[in-house]
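> Chain by chain, the residues run as shown.
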Amino acid sequence: MQQFLISIIIIGLTVALYLVMRRLYSKYSYSFLLPLLTTTITIIVLLSMFHLSYETYMIGGQWINGLLSPAVVALAYPLYKQRKTLLKQLVPILGGILVGIFVGMVSGVVLAKSLGVSKGLLLSVIPKSITTPVAIQVTSEIGGIPSMTIVFVMIAGLSGAVLGPLVFKWSRITSPLGRGLAFGSASHAIGTSKAKEFGEIEVSTSSVSMTLSAILGSSFGTVVAWFFQ
Amino acid sequence: MNVIRIIGQIGMLFAFSYIGSFLKELFHIPLPGSIIGLLLLLLGLSLKIVPTDWIQGGANVLITFLPLLLVPATVSVMKATTLFSGKGFILSGVIIVSTIFTMISVGWTSQLLERQVQKRKVESECNNSLSQ
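Residue numbers (our numbering), protein chains in the order written: chain A, 1 to 229; chain B, 1 to 132.
Chain A on its own, in the form it takes in the complex (with noise of 0.2 Å):
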């Protein structure tokens, strides 16, 4: 009964919060006021405040949680609805996704090499940019630590949501195409919610290259850390 009425008072909590953050994000739109980052922030100082372990969040978390599963499925809609434009550009798809797998996995564990960190972060990091449940086999196959890992995803996650319109103006990235791939090519799932303020050209090439990052990074990873060994 109080494990229930927990998990309704956190459910309640986080929706509510959730939509005050839409809300004040729609009306000032600033990029670092992406409702995931402050939801997110808000939730932790709250259980910091009141003494409360991620566990007791999760109490009521793992039912919004759940759902993710399916929502990570669901992504196959806009992406089937989108498939001739895809199909007509495979090659920039591809060749995008490659290099993103590529640069995402080296260019971080080279940054982290030269700034001399233990051989067990420098390897946790190395699977950032894919989604969580593949970036945690990746990094405990390579011998990675796996808590560290979730926590570079996450911010992986949220700073390419959050600087990304940023990144595409300095860098001139203009094309739907290039947006959605730079998306879900460095943040995954949470730049694939970001995707989704641009159009469904961004949402599915973002669901694309996540996709694929995850398929073909779970291999690379382990080549990637061969050689930084």
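Bear in mind the hints are in silico, worked out from the structure with no lab data behind them.
All residues carry an ideal CB built from backbone N, CA and C; glycine is no exception.
Take these hints with a grain of salt, some might be off.
Unchecked claim - Partial chain B-side listing against chain A, Cβ under 8 Å, derived:
#1 13
#2 31
#3 37
#4 38
#5 70
#6 80
#7 103
#8 107
As the list claims (entries may be wrong) - So the derived label-pair ranges between C-beta atoms look like this:
#9 18/B x 3/A: 19 to 29 Å
#10 120/B x 56/A: 55 to 65 Å
#11 85/A x 123/B: 15 to 25 Å
#12 85/A x 22/B: 26 to 36 Å
#13 1/A x 18/B: 21 to 31 Å
#14 197/A x 46/B: 20 to 30 Å
As the list claims (entries may be wrong) - Which bits of chain A does chain B cover? Going by a derived footprint, with three or more residues having C-beta under 8 Å, they are:
#15 12-20
#16 47-59
#17 76-85
#18 104-116
#19 207-220
Mind docking chain B on chain A? Use the hints.
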């Protein structure tokens, strides 16, 4: 009525995710069940085995609320208290820089290739019209 329909469609998407997880276990596929489910649904839709009516509304609702659904997973960052001291803190900078590099390289590559494809198409159309 519409709500019931959307719940049913979300149930359908759940089913795809479960089938994905089942296949993952069965064949030891190194991908999450949801991604396998995505590929299966795409296949089903493309082969017209799955009509879009089965998933349409539910898919739109879930994609609209995708950021909300990502919240619990993102909150897990709070567990990594060691990260936000010393080297860990700099390492988050590394992640951000690498993420920006990745975005730029992907965007540039695909944009460049896109223009190349476009150019080739225009050229071949020109050649066609010249030879006619």
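> Hint by hint, note whether the structure agrees.
Results for each hint:
The interface hint given for residue 13/B holds, since its Cβ lies 4 Å from the closest Cβ of chain A, which is under the 8 Å cut-off. With a least beta-carbon distance of about 6 Å to chain A, the hint placing residue 31/B at the interface is held under the 8 Å criterion. Using the Cβ-Cβ criterion of 8 Å, the hint placing residue 37/B at the interface with chain A is satisfied: the shortest such distance is roughly 4 Å. Taking 8 Å as the C-beta contact cut-off toward chain A, the hint placing residue 38/B at the interface holds, the least distance being around 5 Å.
Taking 8 Å as the C-beta cut-off, the interface hint given for residue 70/B holds, the closest approach to chain A being about 6 Å. With its C-beta approaching chain A no nearer than about 4 Å, residue 80/B sits inside the 8 Å limit, and its interface hint holds. The interface hint given for residue 103/B holds, since its Cβ lies 4 Å from the closest Cβ of chain A, which is under the 8 Å cut-off. At its closest, the beta carbon of residue 107/B sits 3 Å from a beta carbon of chain A; the interface hint therefore holds under the 8 Å criterion.
At roughly 24 Å, the beta-carbon separation of residue 18/B and residue 3/A lies within the given 19 to 29 Å, and the hint holds. With their beta carbons about 58 Å apart, residue 120/B and residue 56/A fall inside the hinted range of 55 to 65 Å. Evaluation of the 15 to 25 Å hint for residue 85/A and residue 123/B yields a pass: the beta carbon distance comes to about 21 Å. Between residue 85/A and residue 22/B the C-beta distance comes to about 32 Å, which sits within the given range of 26 to 36 Å.
Checked against the hint of 21 to 31 Å, the C-beta distance between residue 1/A and residue 18/B comes to roughly 29 Å, which is consistent with it. Residue 197/A and residue 46/B have their C-beta atoms about 27 Å apart, which keeps the hinted 20 to 30 Å range intact. Check on the segment 12-20 of chain A: 3 of its residues sit with their Cβ under 8 Å from a Cβ of chain B, so the three-residue criterion for coverage holds. Interface restraint, the segment 47-59 of chain A with chain B: holds (5 residues with C-beta to C-beta distance below 8 Å; minimum three).
Restraint check on the segment 76-85 of chain A versus chain B: 6 residues with Cβ-Cβ distances below 8 Å, three needed, restraint holds. Counting residues of the segment 104-116 of chain A whose beta carbon lies closer than 8 Å to any beta carbon of chain B gives 6, which reaches the threshold of three, so the coverage claim holds. Counting residues of the segment 207-220 of chain A whose beta carbon lies closer than 8 Å to any beta carbon of chain B gives 6, which meets the minimum of three for the stated coverage.
The structure fails none of the hints (numbered hints given earlier).
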